[in-house]
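Q: As a plain string of letters, each chain reads:
2 protein chains.
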Amino acid sequence: METDQRLEMLVERARSRRLTVAVAWPADKSTLGAVKRAVENGFINAIMLGCADKVQETMGKAIEEGHVTLLDVETPAEAATKAVEVVNRGEAQLLMKGLVSTDVVLRAVLNKETGLLDPGNVLTHISIGDIPTYNKLLCFGDVAVMPNPNVLQRTAQLRYILDMCRSLGIEEPRVSLVHCSEHVDAKHFPCTIDYVELVKRSREGEFGACIVDGPLDVKTSCCLEAAVTKGIDSPLQGQADALIFPEIESGNAFYKTVTLFAGATIACVVLGARVPLVVSSRGDDEMTKYYSIAAACCAAKKGA
Amino acid sequence: METDQRLEMLVERARSRRLTVAVAWPADKSTLGAVKRAVENGFINAIMLGCADKVQETMGKAIEEGHVTLLDVETPAEAATKAVEVVNRGEAQLLMKGLVSTDVVLRAVLNKETGLLDPGNVLTHISIGDIPTYNKLLCFGDVAVMPNPNVLQRTAQLRYILDMCRSLGIEEPRVSLVHCSEHVDAKHFPCTIDYVELVKRSREGEFGACIVDGPLDVKTSCCLEAAVTKGIDSPLQGQADALIFPEIESGNAFYKTVTLFAGATIACVVLGARVPLVVSSRGDDEMTKYYSIAAACCAAKKGA
Numbered sequence: 000m001e002t003d004q005r006l007e008m009l010v011e012r013a014r015s016r017r018l019t020v021a022v023a024w025p026a027d028k029s030t031l032g033a034v035k036r037a038v039e040n041g042f043i044n045a046i047m048l049g050c051a052d053k054v055q056e057t058m059g060k061a062i063e064e065g066h067v068t069l070l071d072v073e074t075p076a077e078a079a080t081k082a083v084e085v086v087n088r089g090e091a092q093l094l095m096k097g098l099v100s101t102d103v104v105l106r107a108v109l110n111k112e113t114g115l116l117d118p119g120n121v122l123t124h125i126s127i128g129d130i131p132t133y134n135k136l137l138c139f140g141d142v143a144v145m146p147n148p149n150v151l152q153r154t155a156q157l158r159y160i161l162d163m164c165r166s167l168g169i170e171e172p173r174v175s176l177v178h179c180s181e182h183v184d185a186k187h188f189p190c191t192i193d194y195v196e197l198v199k200r201s202r203e204g205e206f207g208a209c210i211v212d213g214p215l216d217v218k219t220s221c222c223l224e225a226a227v228t229k230g231i232d233s234p235l236q237g238q239a240d241a242l243i244f245p246e247i248e249s250g251n252a253f254y255k256t257v258t259l260f261a262g263a264t265i266a267c268v269v270l271g272a273r274v275p276l277v278v279s280s281r282g283d284d285e286m287t288k289y290y291s292i293a294a295a296c297c298a299a300k301k302g303a
Numbered sequence: 000m001e002t003d004q005r006l007e008m009l010v011e012r013a014r015s016r017r018l019t020v021a022v023a024w025p026a027d028k029s030t031l032g033a034v035k036r037a038v039e040n041g042f043i044n045a046i047m048l049g050c051a052d053k054v055q056e057t058m059g060k061a062i063e064e065g066h067v068t069l070l071d072v073e074t075p076a077e078a079a080t081k082a083v084e085v086v087n088r089g090e091a092q093l094l095m096k097g098l099v100s101t102d103v104v105l106r107a108v109l110n111k112e113t114g115l116l117d118p119g120n121v122l123t124h125i126s127i128g129d130i131p132t133y134n135k136l137l138c139f140g141d142v143a144v145m146p147n148p149n150v151l152q153r154t155a156q157l158r159y160i161l162d163m164c165r166s167l168g169i170e171e172p173r174v175s176l177v178h179c180s181e182h183v184d185a186k187h188f189p190c191t192i193d194y195v196e197l198v199k200r201s202r203e204g205e206f207g208a209c210i211v212d213g214p215l216d217v218k219t220s221c222c223l224e225a226a227v228t229k230g231i232d233s234p235l236q237g238q239a240d241a242l243i244f245p246e247i248e249s250g251n252a253f254y255k256t257v258t259l260f261a262g263a264t265i266a267c268v269v270l271g272a273r274v275p276l277v278v279s280s281r282g283d284d285e286m287t288k289y290y291s292i293a294a295a296c297c298a299a300k301k302g303a
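From first to last, the protein sequence lines are chains G and S. Count the first sequence with numbering that gives the first Met the number 0 and you get residues 0 to 303, in order. Count the second sequence with numbering that gives the first Met the number 0 and you get residues 0 to 303, in order.
None of these hints come from the bench; they were simulated from the model. Only true hints are included.
Taking lysine-lysine pairs in the DSS-like style, the calculated list, with each CA pair at most 25 Å apart, reads:
hint : chain 1 : residue 1 : chain 2 : residue 2
1    : S       : Lys186    : S       : Lys199
2    : G       : Lys229    : S       : Lys28
3    : G       : Lys186    : S       : Lys111
4    : G       : Lys53     : S       : Lys229
5    : S       : Lys186    : S       : Lys229
6    : G       : Lys111    : S       : Lys186
7    : G       : Lys186    : S       : Lys186
8    : G       : Lys81     : G       : Lys111
9    : G       : Lys229    : S       : Lys53
10   : S       : Lys81     : S       : Lys28
11   : G       : Lys53     : G       : Lys81
12   : G       : Lys28     : S       : Lys229
13   : G       : Lys28     : G       : Lys53
14   : G       : Lys199    : G       : Lys229
15   : G       : Lys28     : G       : Lys60
Extracted from the complex, chain G is given alone in its bound form (with noise of 0.2 Å):
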């Protein structure tokens, strides 16, 4: 299978309901050609915060045809101030940012008077990747916005990526939560334990139909006959669907590693606001963040 067409996926999905889109500072051409694909394929509608000639000069076709809106501002944290506003007026179902550092966007989601967060929900990092030598789509996260997660917010991340994968139409996820070996390690590991508990809730129906299992490593989660020869019986059966990565820096190194080494291609979403957030960084291609508004589509809930 090619590698973009596992990703098409993601827009098959999306096409199923046309949401709104609110864009903080669209400068740069990649947002731009990204946002446009996706009104022209028919799933989004946009609201452009900022930049309106180049907005303008980009797709204004559909500012005729009445898909995309322009709303002026001065600076990019006006942008993303006015997106999250844009957001609580229910005008639009997903927030993407432009050319505004994450920081100073995040800042509006988390603020707690007028920002995004409800209280007791954190935010977490998805990747939906297509790995060309992985026999399906696989979820990971976090590489990129919780560093270093204590068991609430691992049982948060748990329920968000068991979300995603539902929403690509996967009726029982299976999950590994990785670690660099099989063993539980309270001492050196905390991770470990956390894990522990993770499972058993899993077991004991908590979190719904999925399979959870952990801890494991990167290749006896993906591949069956790594595992046997290490002695693991995982229900996992090496065919996971998410890895949830220990901490901030081995999820990292993996997303990094599969894209450049692997060949892979990733959309990218943050869970846990009101509404699903495309944060793609300033490397990401106009294929990744058009793929990453689709995944937010699909990860936006039933009801917005």
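Given the structure of chain G, go ahead and fit chain S onto it with the hints provided.
A: Just chain S now, kept in the frame of chain G:
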């Protein structure tokens, strides 16, 4: 370039002098096969501790020719202890484990009275990866031994990985100190402060001819284009010869990911003891162990 051809370079270098390896409990096929191949290729002699029947069956000819000798032991643990003795008597310049758990071998190596670790030294695991999508061999660590190094341990790790690169013929090794971003953040990521110190000391010449930079992520370490896109001007120029990971989780994730998803072949050694150790994992095949023996020969001190 074919994958295997690049690790063959280790064999070419190992051939310059024939060293002797002490092999603890060679009960498994891949250890026996790897040692036999290395003996036949003329770069090692072997002292096999235990499993006499299997050794005789596999390499009768090499025994006749005097390249392989047998030492009788009763258990895997005794094999580990005796292998350390053999090394300490100067009869072997390398130590390899067969079907004995890594813990048992390391306990024998770390024994303060009878072991192989000089005071003040630390053990670190170094991998040499032949990743088909990278333009040269890439050393990296630590994926298995050092969980969460302090600055002294990181310094030792840097020295060992520089030694390894130099033993591969790289005159001015380029080493990246890996982190999930290029920002120094003492509060959330203390490793970045260690990195600043190591970069400074490398520029002052403490580690000889080398280029050390960081914090940098995996992608900007190994891809100039990715660095330029992010506006990072690193002297590594996207051409790292070695990656030092902040802790074991990210190192292990990298190792498992390049082998599973990017078709990498890996040779591994543990450095820091009086002699290099070949401490392969259960899942490693014959060729991995064979190349690891060659890597250990390269790493063995010239005077050995």
